[in-house]
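Asker: Here are the chains, one letter per residue:
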Amino acid sequence: MTDLEVILASHAAGEPRGDLPAGDQPQLAQWAGLCRAMREAAPRPSQERRQALQARLFARRSAPWLWAAPFAAAACLVLALALWSVWQPQTPPQAPLAAVNTPRQRPAPTTNHTVTPTPPESQPETLPGWLDEQWRLVFATRAELPEASPPLGGPRAGGGGTSGSASLLAPVLAQAPFRPLAWPGSPAGFALAGASVKRADTTGLGFDLVRLEYRRGEAILLVLQAADSDQAARTLAPPSHNNGAALLVRRDGVTALLASNARTSAQLEALAETLRPMAR
Amino acid sequence: MEPPAETAPAVAGPDFDALVHRVEGRLIGYLRFRLGSGDDAEDLFQETMLAAHRHWHEVRNLENPEAWVFRVAHNLAVNHGKRRAVQRRATLRFAAPGMASGPTHLEQAETGARVQAALDLLPPDEREAVCLKIWAGCTWVEIARLMGVSEDKAARLFARGLKTIAGPLADLAPGGSP
Chain P
2 MTDLEVILAS
12 HAAGEPRGDL
22 PAGDQPQLAQ
32 WAGLCRAMRE
42 AAPRPSQERR
52 QALQARLFAR
62 RSAPWLWAAP
72 FAAAACLVLA
82 LALWSVWQPQ
92 TPPQAPLAAV
102 NTPRQRPAPT
112 TNHTVTPTPP
122 ESQPETLPGW
132 LDEQWRLVFA
142 TRAELPEASP
152 PLGGPRAGGG
162 GTSGSASLLA
172 PVLAQAPFRP
182 LAWPGSPAGF
192 ALAGASVKRA
202 DTTGLGFDLV
212 RLEYRRGEAI
222 LLVLQAADSD
232 QAARTLAPPS
242 HNNGAALLVR
252 RDGVTALLAS
262 NARTSAQLEA
272 LAETLRPMAR
Chain Y
13 MEPPAETAPA
23 VAGPDFDALV
33 HRVEGRLIGY
43 LRFRLGSGDD
53 AEDLFQETML
63 AAHRHWHEVR
73 NLENPEAWVF
83 RVAHNLAVNH
93 GKRRAVQRRA
103 TLRFAAPGMA
113 SGPTHLEQAE
123 TGARVQAALD
133 LLPPDEREAV
143 CLKIWAGCTW
153 VEIARLMGVS
163 EDKAARLFAR
173 GLKTIAGPLA
183 DLAPGGSP
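For the protein sequence lines, the chains are P and Y, in the order given.
The opening position of the first sequence corresponds to residue 2 in the numbering used here, with each subsequent residue numbered one higher.
The opening position of the second sequence corresponds to residue 13 in the numbering used here, with each subsequent residue numbered one higher.
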């Protein structure tokens with residue numbers, strides 16, 4: 002290896018070391034061309050190579066945190082269980098509609114007690130099927146009674162007469178599994194239009210019912226009665242769409258629901274005061 | 013002529029990506045002909061750049077980060093060569109007679125294969141000098157530092173290697189005999 006060849010090679014490589022004699026240019030061109038050809042024989046930059054590098058870099062960055070993943074998952078699970086256990090007792094029970102309308106106090110057996118319905122916004126809008134039909138029957142129309150109605154109660158005050166009422170009530174008295182409540186005559190402005198005993202299997206409510214229906218024209222007063230129990234009180238509690246014209250009464254071993262499209266709950270409360278257990 | 017580099021998704025930041033973009037072509041070429049295997053070159057390229065990423069907080073502040081990258085690549089190539097030598101000896105010891113002892117490079121272009129064959133004729137130091145100069149683009153000073161020799165020695169190793177391979181590869185150069 003001569004010094005000239007070192008100079009030629011350095012010039013061919015692009016970083017000259019020493020001066021080059023003019024006569025050696027053909028060999029320089031050949032070596033320079035060889036260097037260029039060899040450079041071009043190298044693999045090309047590629048997107049796949051860089052993506053592979055990025056993937057390894059990403060894996061390297063992520064790997065130090067992977068050990069914490071199981072602990073994080075366990076911590077989340079514990080936190081979720083803790084929150085669930087804290088909030089679970091405070092969650093309102095998903096009970097049927099009637100449970101929402103449970104009376105606030107259970108009255109003494111012989112004490113008149115009217116139940117104020119719970120605020121409408123807290124009451125569900127669905128009712129058991131048979132009961133829903135009764136609500137639709139009563140509140141399908143809104144009726145008005147004349148202001149000059151006769152005074153409430155009393156055998157001679159009612160418009161329906163006692164003889165008709167007695168004939169309708171007699172089968173009820175015979176079939177009812179409890180002593181139903183009724184007015185000695187008929188309530189003011191109404192006449193007894195129907196009385197029946199509804200068995201639990203026909204209503205689907207879970208208890209037997211006495212159904213008394215009073216009418217005057219389009220005005221309706223419906224009285225549904227059951228043996229006094231929490232289930233009956235919950236089921237018959239006035240729902241939100243009673244328009245302030247329904248009342249639940251628990252007295253003398255009977256739970257009675259009064260609903261009218263022509264009376265307010267205050268008027269129904271006055272009517273309920275005159276209800277008496279029917280003599281068998 | 014290198015094709016225009018496409019943008020890869022950034023993981024390590026634009027500075028690191030820019031370094032990858034600058035050194036990729038030279039580094040993969042150096043490793044390819046230094047190691048004699050495209051697959052090994054790809055692996056060591058990844059290893060080199062991962063090392064750069066690991067020490068990026070230091071490398072980014074260097075005056076010449078590319079020199080650092082090629083020094084790492086050179087060291088990795090040296091270690092890789094030692095491992096391959098051990099493997100080759102073991103393979104030769106236990107291989108059946110006539111069994112192929114070297115990798116084939118079917119995936120490589122014909123020119124690359126011929127260049128590789130010519131480089132295989134060189135002693136390791138000359139081959140290293142040629143690879144560092146031709147594909148890594150190192151200066152004589154950088155080659156001397158990497159190989160632990162003087163600049164003059166580095167230039168002489170390169171010149172000797174170039175002269176040796178110029179014969180087998182004469183047809184690649186313009187005006188050369190086929």
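Just so you know, these hints were derived from the structure itself, not from any lab.
Built from N, CA and C at the ideal position, the CB exists for glycine as well.
Please note that the accuracy of each hint is not assured.
Claimed, not checked - Footprint (simulated), chain Y over chain P, 3 or more residues, beta carbon under 8 Å:
{"no.": "1", "region": "3 to 16"}
{"no.": "2", "region": "40 to 53"}
{"no.": "3", "region": "75 to 81"}
Asker: None of the hints should be skipped; say for each whether it holds.
Answerer: Against the structure, the hints:
With 8 residues having a Cβ less than 8 Å from any Cβ of chain Y, the region 3 to 16 of chain P passes the three-residue criterion, so the hint holds. Counting residues of the region 40 to 53 of chain P whose C-beta sits closer than 8 Å to any C-beta of chain Y gives 12, which meets the bar of three, so the coverage hint holds. Look at the region 75 to 81 of chain P against chain Y: 0 of its residues bring a Cβ nearer than 8 Å to a Cβ of that chain, fewer than three, so the hint is violated.
Hint 3 from the list above is the single one not met by this structure.
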